[in-house]
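For this one, chain A is given, so just place chains B and C on it according to the hints.
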Amino acid sequence: MLAFILRRLVQSVAVLLAVGVVSFFLFRYVGDPINAMVGQDTSQQERDALREKLGLNDPAPVQFFHFLVNAAQGKFGLSYRTSEPVSRMILERLPATLELSFCASLFVLFFGVPMGVYTGLYPRHWSSRLLQAVSLIGVSLPTFLIGILLILFFSVMLHWLPSFGRGETVDIGGWTTNFLTRKGLEALILPSITLGLFQLTLIMRLVRSEMLEVMRTDYIKFARARGLTNRAINFGHALKNTLVPVITVAGLQLGALIAFALVTETVFAWPGVGQLFIQSVQFSDIPVMAAYLMLIGLLFVVINLVVDLLYFAVDPRLRGGGTARAGGH
Amino acid sequence: MAATNNPPLLEVRNLRVEFPTRRGTLLAVDDVSFEIAPGEVLGVVGESGAGKSLTGNAIIGLLEPPGRIAAGEVRLEGRRIDNLPYEEMRKVRGARIGAIFQDPLTSLNPLYSVGRQLVETIQTHLPLNAAAARKRALDLLKEVGIPGAEHRLDHYPHQFSGGMRQRVVIALALCAGPRLIVADEPTTALDVSIQAQIIALLKRLCREHGTAVMLVTHDMGVIAETADRVAVMYAGRVAEIGPVRDVIKNAQHPYTKGLMGSIPHLGERGGRLTQIDGSMPRLNAIPKGCAFNPRCTLRGQRCLVERPELMAAGASRAACWLHDSRGVGAPIGKETVDA
Amino acid sequence: MADWFRRAADSDIWWSFKSSPLTVVAAVATLLIILVSFLSPLIAPHTPFDPGSLNLSDGLKPPVFVSDEGDWTFPLGTDDQGRDILSSIMYGTRLSLVVGFASVIVAMVLGIALGLVSGYVGGAVDAVIMRIADVQLTFPAILVALLIDGIVRGLISVQRHDEIAIYVIVGAIGLSFWVQYARTVRGSVLVEKNKEYVQAARVIGLSPVLIMVRHVLPNVTGPVLVIATLNLGLAIISEATLSFLGVGLPSTQPSLGTLIRLGNEVLQSGDWWITVFPGATLAALVLAVNLLGDWLRDALNPKLR
Numbered sequence: 001m002l003a004f005i006l007r008r009l010v011q012s013v014a015v016l017l018a019v020g021v022v023s024f025f026l027f028r029y030v031g032d033p034i035n036a037m038v039g040q041d042t043s044q045q046e047r048d049a050l051r052e053k054l055g056l057n058d059p060a061p062v063q064f065f066h067f068l069v070n071a072a073q074g075k076f077g078l079s080y081r082t083s084e085p086v087s088r089m090i091l092e093r094l095p096a097t098l099e100l101s102f103c104a105s106l107f108v109l110f111f112g113v114p115m116g117v118y119t120g121l122y123p124r125h126w127s128s129r130l131l132q133a134v135s136l137i138g139v140s141l142p143t144f145l146i147g148i149l150l151i152l153f154f155s156v157m158l159h160w161l162p163s164f165g166r167g168e169t170v171d172i173g174g175w176t177t178n179f180l181t182r183k184g185l186e187a188l189i190l191p192s193i194t195l196g197l198f199q200l201t202l203i204m205r206l207v208r209s210e211m212l213e214v215m216r217t218d219y220i221k222f223a224r225a226r227g228l229t230n231r232a233i234n235f236g237h238a239l240k241n242t243l244v245p246v247i248t249v250a251g252l253q254l255g256a257l258i259a260f261a262l263v264t265e266t267v268f269a270w271p272g273v274g275q276l277f278i279q280s281v282q283f284s285d286i287p288v289m290a291a292y293l294m295l296i297g298l299l300f301v302v303i304n305l306v307v308d309l310l311y312f313a314v315d316p317r318l319r320g321g322g323t324a325r326a327g328g329h
Numbered sequence: 330m331a332a333t334n335n336p337p338l339l340e341v342r343n344l345r346v347e348f349p350t351r352r353g354t355l356l357a358v359d360d361v362s363f364e365i366a367p368g369e370v371l372g373v374v375g376e377s378g379a380g381k382s383l384t385g386n387a388i389i390g391l392l393e394p395p396g397r398i399a400a401g402e403v404r405l406e407g408r409r410i411d412n413l414p415y416e417e418m419r420k421v422r423g424a425r426i427g428a429i430f431q432d433p434l435t436s437l438n439p440l441y442s443v444g445r446q447l448v449e450t451i452q453t454h455l456p457l458n459a460a461a462a463r464k465r466a467l468d469l470l471k472e473v474g475i476p477g478a479e480h481r482l483d484h485y486p487h488q489f490s491g492g493m494r495q496r497v498v499i500a501l502a503l504c505a506g507p508r509l510i511v512a513d514e515p516t517t518a519l520d521v522s523i524q525a526q527i528i529a530l531l532k533r534l535c536r537e538h539g540t541a542v543m544l545v546t547h548d549m550g551v552i553a554e555t556a557d558r559v560a561v562m563y564a565g566r567v568a569e570i571g572p573v574r575d576v577i578k579n580a581q582h583p584y585t586k587g588l589m590g591s592i593p594h595l596g597e598r599g600g601r602l603t604q605i606d607g608s609m610p611r612l613n614a615i616p617k618g619c620a621f622n623p624r625c626t627l628r629g630q631r632c633l634v635e636r637p638e639l640m641a642a643g644a645s646r647a648a649c650w651l652h653d654s655r656g657v658g659a660p661i662g663k664e665t666v667d668a
Numbered sequence: 669m670a671d672w673f674r675r676a677a678d679s680d681i682w683w684s685f686k687s688s689p690l691t692v693v694a695a696v697a698t699l700l701i702i703l704v705s706f707l708s709p710l711i712a713p714h715t716p717f718d719p720g721s722l723n724l725s726d727g728l729k730p731p732v733f734v735s736d737e738g739d740w741t742f743p744l745g746t747d748d749q750g751r752d753i754l755s756s757i758m759y760g761t762r763l764s765l766v767v768g769f770a771s772v773i774v775a776m777v778l779g780i781a782l783g784l785v786s787g788y789v790g791g792a793v794d795a796v797i798m799r800i801a802d803v804q805l806t807f808p809a810i811l812v813a814l815l816i817d818g819i820v821r822g823l824i825s826v827q828r829h830d831e832i833a834i835y836v837i838v839g840a841i842g843l844s845f846w847v848q849y850a851r852t853v854r855g856s857v858l859v860e861k862n863k864e865y866v867q868a869a870r871v872i873g874l875s876p877v878l879i880m881v882r883h884v885l886p887n888v889t890g891p892v893l894v895i896a897t898l899n900l901g902l903a904i905i906s907e908a909t910l911s912f913l914g915v916g917l918p919s920t921q922p923s924l925g926t927l928i929r930l931g932n933e934v935l936q937s938g939d940w941w942i943t944v945f946p947g948a949t950l951a952a953l954v955l956a957v958n959l960l961g962d963w964l965r966d967a968l969n970p971k972l973r
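Residue numbers (the numbering used here), protein chains in the order written: chain A, 1 to 329; chain B, 330 to 668; chain C, 669 to 973.
It should be emphasised that the hints constitute simulated quantities derived from the structure, not laboratory data.
Quick caveat: nothing in here was measured; it's all calculated off a predicted structure.
One thing to keep in mind: the hints can contain errors.
[What the hints assert, rightly or not] Within a straight-line C-alpha distance of at most 25 Å, the following computed BS3-like cross-link-like pairs (lysine-lysine) qualify:
(1) B:K464 to B:K420
(2) B:K532 to A:K221
(3) A:K75 to A:K53
(4) A:K221 to B:K586
(5) A:K240 to B:K420
(6) B:K471 to B:K532
[As the list claims (entries may be wrong)] Sample of chain B residues at the chain A side, in silico, Cβ under 10 Å:
(7) S362
(8) H487
(9) N613
Beta carbons are placed, not taken as given, at the ideal position from N, Cα and C, and that holds for glycine.
If we strip away everything but chain A, and leave its shape as in the complex, we get:
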C-alpha cells in the first residue's frame, strides 16, 4: 500500500511539474513581464537593468527553478490588468468558488447517486425511462444556457431568487462565506443547480450503467439464491460494488466542478476565481492565467490522491494484496 501511495505521489509531482512548465512558458514567453511593470516612457536602458535585476537573462532552467520556488510560496507576481499581487486576487476570490463548488457537489451527490441507483434497479419502469430521457436533455444543454433559463424563470419572471452576485457574505478571518445569511444562501441556489446539473446527469448515467452491470454479476445472482432481502442486495452488495468505479469518476467530476465554475460564475456574476480567469483570458493577463492553471493543477492532484485513498477504504482487494492465496487448498 505504501508503495502504491508513493508511486501515486511521484506521479502527482510529475503532473504538477508538467503544469508548471506550461505555466512558466506562459508567464515568461507569452507575456512580457517588463512591459507589464513599466510605463510607456521607460528607456531601453532602464528596461535592460530591470531585466537583469529580475533574473530574466538567466538560462531558462534557472528561471524555471525560480518560478517554481516562487509558485510554491504563492508568489506569481503582479497582474498586468490591475497591478495587484496575483496571489491576493486569487485568495480573495477563492472562498466564493469553493463554496459554490461545494454546494454544487452536494446537489450532484444527493440527487445524482439515488437517481442512478433507482434507474439502474428498475430500468424498465416508466419513471426510469423518463429520467433517462431528461438526463440526455441535461447533457445536451450547455451550462450557461441552463443558467440563463433559470435566471429568466426564477429571477426575471417569478422574482423568487437573485440572479447575480453572492448576496450577503460574512467575513471570517479573511474567508468570506455565504452560509451565514439568508440572502447569501438564497444567492447560492441557482448557481449551484446550474453548476451541478451537467455533472448530475453524468453521475446518474454512470451509476445507472454500473448498477446494471453489477446486477448482472454472479455474486448478485448468488446473493439472490441465498435468499437475501432485496434491500440487502440492492443497497448492500450492489451499491457498494457500484461505488468502486463511481468514486473515481465522481471524484474527478467534482474536481472538474471547480474548473467548470468559470462558466457559471460568468453567468451569475459570481465573484470567484473562474470569473477572474475569464477576465484574464480576455485581457491576456498572463500571470493570473498561470497562477490559476497551477491552482487547478494542484486541486486535481489533491483530489486524485483522495480518490485513491477512498479506493483503499472501499476495496479490500487493494488492501490485503499481501496475504492473497495464503490459504492454499
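Relative to the frame of chain A, chains B and C by itself:
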C-alpha cells in the same frame, strides 16, 4: 439407495421455460418432469444448451428475464413454489433450497469478508443474534474443511484459492439447513485435482445432513461417482431418466448410448470411443417428432412426425419409440432426411 | 453501387436504426438543421449582419405569436439593433456547425495520427504522448480551449484576433479533444501490431505507414465514428460556451453562443426571445446529435444492450 417409496421432496411437472426474442419465442425447457426424494442425489446431464441449467434456475425461481416459466409446476415438500410471489420465494431460497453456481471466483461478493456473507445469510433465515450467527458461520467453515477457520472468517474472497472459495460457497448454501441443493456445474471451473475433493465434500455433507441434491453437470464421470439417479436432457427435454447404474451400464435411449460411448473407461482396452454425428439442434430449429432424430442411427418414419414421451425402458424411463409396442415405424434411407 | 445499397439496407445497423423512432427523428432533425442553416444565404428573410439593412425602429419586436406588436416580417422578433432573430439563428447555426465539424476533424486527425505513432513506435515516444494525454485529461476541455485562446490573444493584436477568431477557436477546441481518439487508436494498434498478418507484411517489406493505414484504421472506424459523433455535440457546446464567455466568435460574426450572450445582456428587461430562440436551437441541435451518437454507440457495441 433411492428412497422412491417416500413422498418426493421436489416434484417438477411438465415444466416449460420460454424465452421471447425478437425473432420469436424460444422453448428452452419443454415439458420436463422429474422428482427428487429426500436425501437423494439426482444428476442432470446434457450438452450445453440442453436446458439443464435453466431447469435448475426455474426451480430456485431465478430465471433471468425475459426467460419465464410458461407452463407446468414445481412442488417442494408438496407445496407449489413456481408461482409464489417474489418475497415468499425469497424465504424459500437459502432456507429450503440452497444453490451452488459454477464459478466460485465470481459467486462471492469481493467487497465483503466471507464471515460477513455467512452471517448475513444465516441471520436472514434463522432467528439468531450476531454472536450465535458468527458461531454457526465458524462451524460451517470448519465443516467444509477450511483450515484455520477462526481467522479465515474475516478474510475476503480474493484471499482464498478457487477450491477454498467453492468450499465457502458450499458453506453458504448450507447456512440455513436446506432440504435441497441445486448445484449447477459446481466443479467445472476448478482444477481437475480439486474437483474430486469438492464432489466428495458435497456428497459427504449432504449425506450427513440428509440434504437432497440436484447436480447439474455435463461431466458423466461426476454423475457416476455421486448421483443416485440421473436424468439425461437433450434439446430442452428429458431423453432418459433412471438409476445411475442402469443408465450408465444399460442405456435405453440412443442419445444416452452415444453419450456413454464417448466416455473413456479405465481398464477397457482396445475399444474405440464412439461419437455422435452432428450436433444438438439450435432452439429455434428443433426438428419435428423426436428432437434427436436427425442424429439417430436407429430412427424410423414415426420418429420424424411423432414426439415420444418418457416410457418404461428396462429399469429406466426413456423418450424413444424403440421402447413402444409399435416401434419406430418404417425404416428410412439416409437421403430422405433433409426433406 | 446497387449492391452496396442492398447490403446496407440488409445490415443490422440499418435494422436498429429503423426500429428506433427516436433515432430516426434525431437524424431527420439533424439533417434539417444542417440543410436550413447552410441554405441560409438563399432562404433567410434578412441579412442580419449587414449593417446597412438594419433599422433601429424595428428594434425589440416580440415574436408574432405572443403579442400583437409582432410583425410577420420578423416572425421570431428582433433584438435591440433591429436584427431579425430567425435570420440570425439561421446564420448563427451555420457558423456553429462549421466550427463544430472543423474542430472534430482537427481533433480526429491529430488524435488518430498521434495514436498511430504512439502505438506503433512505442517506447519513449509512446510514453511522452500518453503522459501528455494524461495531464491534459485532468483539465476540462473548456479550460484547455480557453487557455489556448488566451495564449493566442497574448501573442497577437486584438484586431488581428477578431479576423482569425474562427481558426483560433477551431484549433483550441480541436486541441482539447484529441486524447480520446489517440487512446482508442493506440489500443487498437497495440492489438493489431503483433498479429501474424502484420508481422508478415513487415517481413515482406511493406512500409509501416501502409500497414497501419490498410490494416489498423479499418478496425477503429467504428469507435472513432462514435467518439466523433458524441464529440460533435461537445464541440458545438464548447464553441457556444467560449462565444458566450466572450472569447469565441466576435459579435460581427455571431454563432449561436454569441447570440445567446448578446441576448443575455438584455435579459433582465424581460426580452426573453432574443435569448430563448437561439438557446432552443442550440439545445435541439446538440440533443439530436447526442441521440445519434448514443444510438451509434449502442448499435456498434451490442454488448452494452
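Proposed interface contact between S362 (chain B) and chain A, which counts if any beta carbon pair is under 10 Å
violated (23 Å)
Can we keep the H487 (chain B) interface hint, with Cβ of chain A closer than 10 Å?
holds (5 Å)
Are the Cα atoms of K471 (chain B) and K532 (chain B) separated by 25 Å or less?
Given that 25 Å is the threshold and the Cα spacing comes to 16 Å, the pair holds.
Keeping to a limit of 25 Å between CA atoms, is the pair of K221 (chain A) and K586 (chain B) held or broken?
violated (35 Å)
Taking only the CA atoms, is the gap from K464 (chain B) to K420 (chain B) under or equal to 25 Å?
holds (22 Å)
Does the closest beta carbon of chain A sit nearer than 10 Å to the beta carbon of N613 (chain B)?
Cβ of N613 (chain B) sits 24 Å from chain A, so the hint is violated.
Does K221 (chain A) sit within 25 Å of K532 (chain B), going by the straight-line distance between their CA atoms?
holds (24 Å)
Against the 25 Å threshold, does the CA-CA distance of K75 (chain A) and K53 (chain A) hold or violate the hint?
holds (17 Å)
Next pair to validate is K240 (chain A) with K420 (chain B); report whether the Cα-Cα distance is within 25 Å.
Answer holds: K240 (chain A) to K420 (chain B) is near 24 Å, not above 25 Å.
Consistency note: the structure conflicts with the earlier hints numbered 4, 7 and 9.
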